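Undergrad: Okay, here's what each chain looks like letter by letter:
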Amino acid sequence: MSSGHMAGVGTDREHLLREIERLIGAGRAREPMSLETAACEIVVEPETVEEIAEAVRKCETDKITLAPLGSARTLSQIRKTPVALGVSLARMRRVIAYEPDDMTIVLEAGSTLGEVNRLAAQHRQRLPVDPREPERTTIGAMVGAAHAGPARLSEGTVRDLLIGVGFVGHGGRLARAGGRVVKNVAGYDLMKVMTGSFGTLGIAVEAAFKVRPIPEDYTLAVRKFGRHNEVFEAAAALNTALSLVHLEMLSPGPSAALGYDYDWVLMAGFAGNRAEMDYQSAKIHEVLGSEARLLKGADADAAFASLRDMEFPAEGLVAQIAVRPVELLRCVRDCSGEYRAHAGSGVAQIWLEEVGEGTAQQTVSRWRELAHVCGGNLRVLQAPETMRGEIEFFDRPSAGAFGLMKRLKQAFDPAGIFNPGCFVGGL
Amino acid sequence: MSRDQSSERRTGRALLAEIAAIVGGDGVVFRETELKTYECDGWTMERSTPEILVMPRTATQVSGVLKALYRRGIAFVARGAGTGLSGGALPVGAPVMVCTSRMNRILAIDPANRRIDVQSGVVNLHVTNAVKSRGFFYAPDPSSQVACTIGGNIAENSGGPHTLKYGVTTNHVLGLELVLPDGEIVQLGGAAEERCGYDLVGAVVGAEGTAGVVTRATLGLLREPESRRTILAAFPDADSATRAVSAIIASGVIPGAIEMMDRLIIRAVEDAFHVGLPTDAGAVLIVEFDGYAAGLDERAGAAVEIARQHGATDSRLARSEAERALLWKARKRAFGAVGRLAPNYVTQDGVVPRTHLPKILREISAVSERYGLAIGNVFHAGDGNIHPIILYDERDPGQVQRALDAGREILRACVAMGGSLTGEHGIGAEKMGEMPLLFSPDDLLVMAELRHVFDPDERANPNKVIPKPGACVEVAAPRRQVPV
Amino acid sequence: MEQPGGSPPHPARDVADYELLFDCVHCGLCLEACPTYKVTRAEMDSPRGRVYLMKALAEGRAELDDDAARHFDLCLGCRGCETACPSGVRYGRLIEDTRAFVEANYRRSRGERMVRRALGMIFPYPRRLRAMLAPLRLAERLRMRGLIRLALSGRPREWIELLPPLAATPIARKSAARAEALDPDAPAVVVHHGCVTQVLANSENENSERILAAAGYRVTRLRGTVCCGALDLHSGNLKRARKFARENVRQIMQSGADALVSAASGCSTAIAEYGELLKDDPELAGPARALSAKVRELSGLVLERGAPKFREMRCTVTYHDACHLVHGLGVREAPRTLLKSIPGLRLIEMPESDMCCGSAGSYNLTEPAMARQLARRKAERILATKAQYVVLANPGCEFQIAAELRRRGSRAKVVHLADFLAMALAD
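Protein chains in written order, with my numbering: chain A, 1 to 427; chain B, 428 to 911; chain C, 912 to 1338.
Hints may be right or wrong, so weigh each one.
Claimed, not checked - Computed footprint of chain C on chain B; a stretch qualifies when at least three of its residues, placed anywhere within it, have a C-beta under 8 Å from a C-beta of chain C:
{"id": "1", "stretch": "448-460"}
{"id": "2", "stretch": "463-469"}
{"id": "3", "stretch": "584-593"}
{"id": "4", "stretch": "604-612"}
{"id": "5", "stretch": "837-850"}
Claimed, not checked - In silico EDC-like links for lysine to aspartate or glutamate, alpha-carbon gap of 20 Å or less:
{"id": "6", "chain 1": "A", "residue 1": "Lys406", "chain 2": "B", "residue 2": "Asp453"}
{"id": "7", "chain 1": "A", "residue 1": "Lys283", "chain 2": "B", "residue 2": "Asp609"}
{"id": "8", "chain 1": "B", "residue 1": "Lys756", "chain 2": "C", "residue 2": "Asp1008"}
{"id": "9", "chain 1": "A", "residue 1": "Lys406", "chain 2": "B", "residue 2": "Glu876"}
{"id": "10", "chain 1": "B", "residue 1": "Lys756", "chain 2": "C", "residue 2": "Asp1265"}
{"id": "11", "chain 1": "C", "residue 1": "Lys949", "chain 2": "B", "residue 2": "Glu653"}
{"id": "12", "chain 1": "B", "residue 1": "Lys559", "chain 2": "C", "residue 2": "Glu1194"}
To be clear, the hints were calculated from the coordinates, so they are not data collected in a lab. Just so it is clear, the structure is predicted and the values come from calculations on it, not from any experiment. Don't be surprised by glycine CBs; every beta carbon is placed ideally from N, CA and C.
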């Protein structure tokens, strides 16, 4: 499934651009801009599923690579060479159905999480996935990259909320699975397969989700610690004592960047009705001591947003580890980078501000080994452009599982055109 | 009486000897009388006897058995405790049955990480029992939880009352050990929340045994909530009760569970268990809130008030843990209690958007009248997951036919309201014919492609879930043509 | 593959009441409540499987071959499944009828026939049993019981191992002084002495009387005790069971007792079912029903009049639920409540306390292998509690569990509830 022989450079580009415009209409194709340039050579902006199907069929016939562009950032950071065609769903962002009383929403994949949540908020509801910069995160990208954030502790991740999916696969075939009801076991669970598949199996065009109520009240407790293990011990104690919305830990670098002192910081969010808030506040002070600062209302929301949207260093090496929760402490300590950790979930983003030339792969290997020892895995989220060639972004699953994944990729993408070569094991 | 129609046996002495060498003599059953008890699961409308039953104890044994079958091109069906309600463990063109009931060891309990490792034959409730003293529980709690196995739950992606708040099986399975139909043992997922590559665990959960045989699972555990409030609210009719359901959930907090029972069920349950249900009510709701003790009274109070506004004639709180346990026992054993009302029943598992509950219940009562069969309703109202229980007598062929037709008509109505054929029981052998109501030919093709990733030759639980185009199913007729 | 819509099922043979077989909806909730299923984990050794076989036999879809007979024989008749069954399947009744069907239509091996005949000829007749045990009793006086045991092999040896010491006077097995009740209006209770009980554990009868008297009941005695017929009921000899039942009905009704208890729970349950057993008896149907309604249980009766004064007993106790007490009569809490009312006593619950120990009437004599497996399982649960006493209310369980604990060299004492309470009586 190597992309070596495929179209993708030079004069072909002009040709392809014209071909696509001829196929699905003038003004539907354009040059990539900024981040998109690292992701693809031409951007196509279809308006309908049928237009996507046309593009897919064309690509299959001519062996042209394509990928859903989604938030181009994700793609630009994991691709070593761009695909020929980036499929942007910017023109497919309708809300197909929102039933507040049923607490379900069906969306075209080009909608952004931000706009979806502004709509849902009118009914005091939300789609409780909180990746960085929701205004720039499309539903398609969120599903494709399985983006998640701090609230995974209480609300789960995309795989827990996605109840239906539609995607254009090989042959330009539109396939749907799941449905619009919150509980449904009819047929195979393609929602799970599509979640985190990075566009390697097809172009997701619509998605149905459960939505959840926005809690009555939300408070963010912040407490700094002078030492690495103290913050973990406090987090463990809190996680046992309370059912929190989120439980985040920052190393000194990001704490300082967010305006806290250069210290380890614990940020615990909790929600509920008044009695529950009183109870939790008291408990927080009991566990964290009087030093814990409780942010409320707009202050809490703002502090949470800056935590959620936290930037990783532009030229840094960033990875996400997922391990057995109690081993997170040891894992991030031994990785010795800066981190933002989701305590309780056993997931953390770790990074080095800069890496020496030629040492990136070495660092990744070392981190990866630590993650394996702690019962988990590591995925590189971002690496300096010059070092991408040497890095394996995705961790290797077990041999048996990888065998199945190869078969899955082959079955869903026999022509090998969907975002090839950058996913797990080179799929 | 018709016998197994696979007139020529595909299994022979050599296979029997090979399997016995793998699992031991006491792990193989091949005599007719004994096999007879395996000819159906909780879906008793159809029967089919396996030729050989194997009861392995380890994944290695399962692998050995599947290899022996693979070489001979023989299909198999896995079975846990045989409590499934859609005929998922019914052998249809699968001469060999692999029963996981002896694979019932709990392998490791890891309370610090909230994980537990079990063999797939472990009984659902035994998982919670094993961690209860440490303050944890395993969330999916199907009504058959005293008997059903984790492996069966994984196959069907089982739910239960408390999945309204806590999710179904797939939300609590982190890792799996799967024996593929060719005998290869693969490890999928693991102890961490994020997986490498495609989410194959998610693909196997709910695949109804068509991906191979799951032999081990890593499950996530939840902390026991600090406290609970369980409300029993009586309504004059099902309509007002279901409207209250939507209103309670819309009020901004997801209860632990909202269950409904209609008049027929209330009476059956009360006759059986004497829990003090109001037998004059048209419907009751069991609404449970869990969480911090601090906020619960307010939540329960608000729900009681909403119930009252929607016509509840009486609402009371369970006063003790014993009273709560009794309520849940009654609810969970309601299906069985119906066994007291008629010789046989068949239950459906359709789903509608929650707000359509009043409408589907009216439709069900219309169906009941049209077909002249009593239908009771006991279901997960919060999820919109209905369980109409259609009563019939198998000794009257006309009734059997009508029961099947009535069930199908209800499912069609669910789909027409934007719902689904099944919320937690699975498609199985039972509802294959209805799949085209819900999915396009392309949808089904893609699903078949996914299945073939695990099982290219369709050896694992063949003739289930996805109907063969043209070949097998006539939706309206009870005598389904099933290729054997 | 058999499909609905074929010819409707109808009874071809009279195995058990055909209508009752339809109560089973094949839900499987009984599986884990069945001791034999727990051991073999096979459907045909479960209540659901057995009921299914009964129905298949009745409908002529299965034959009464060795396998069918074997799996019915293997049933303990503990009725744990009835407690678990939501549909109210009257399993006890069904298996008793089926056993009669098996006895009438199935030819066992000669050895099996002899064993069964011998049991039936000896057990219900105390004099015969005493005579048979005389040599052993003598040997025991001469301290040669061990020698006898060694001289035997196979089943006789296992049987001997099950027997309690015959000569020694164990705990509280002193003759009970019969305190007269002070209240002449107090209800009259009669203790059914049972055939095996009076030979092997008569102290339990006497102590039952003593406790009842201490609680303020008027205790009356029968003139000689006739076997209750349980053994016949459970081995398919309904004819003789009815004969015994009629004798008992006449005798006990004459005694004018208001309530009847038995130290053996199997006897209590059998008598509680006389109404059913003799329902077609032209003369005794009514009195049998009346007698069945009088069957009570020791601890419940005692609690009704207020527990007598117990002395302090600093000890740990675990309580084993005899099958017919818990599943037949539904007695679970009363014995525990009474035990807990003894000052200083700590009750430690064992898991599966209500699971059969394998004794099950004469089951441990006819199915020693399965009985032994269940005894082991029970012993493990008991030993895990580290309790000093195992209290139970059935002599059969007492012998079975004591034998297993002896084999394991455990020092835990197995004591009948009546003996234990007598021991705790103040004065």
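Undergrad: Taking each numbered hint in turn, which are not upheld by the structure, reported in ascending numerical order?
TA: Of the numbered hints, 3, 4, 5, 6, 7, 8, 11, 12 do not hold.
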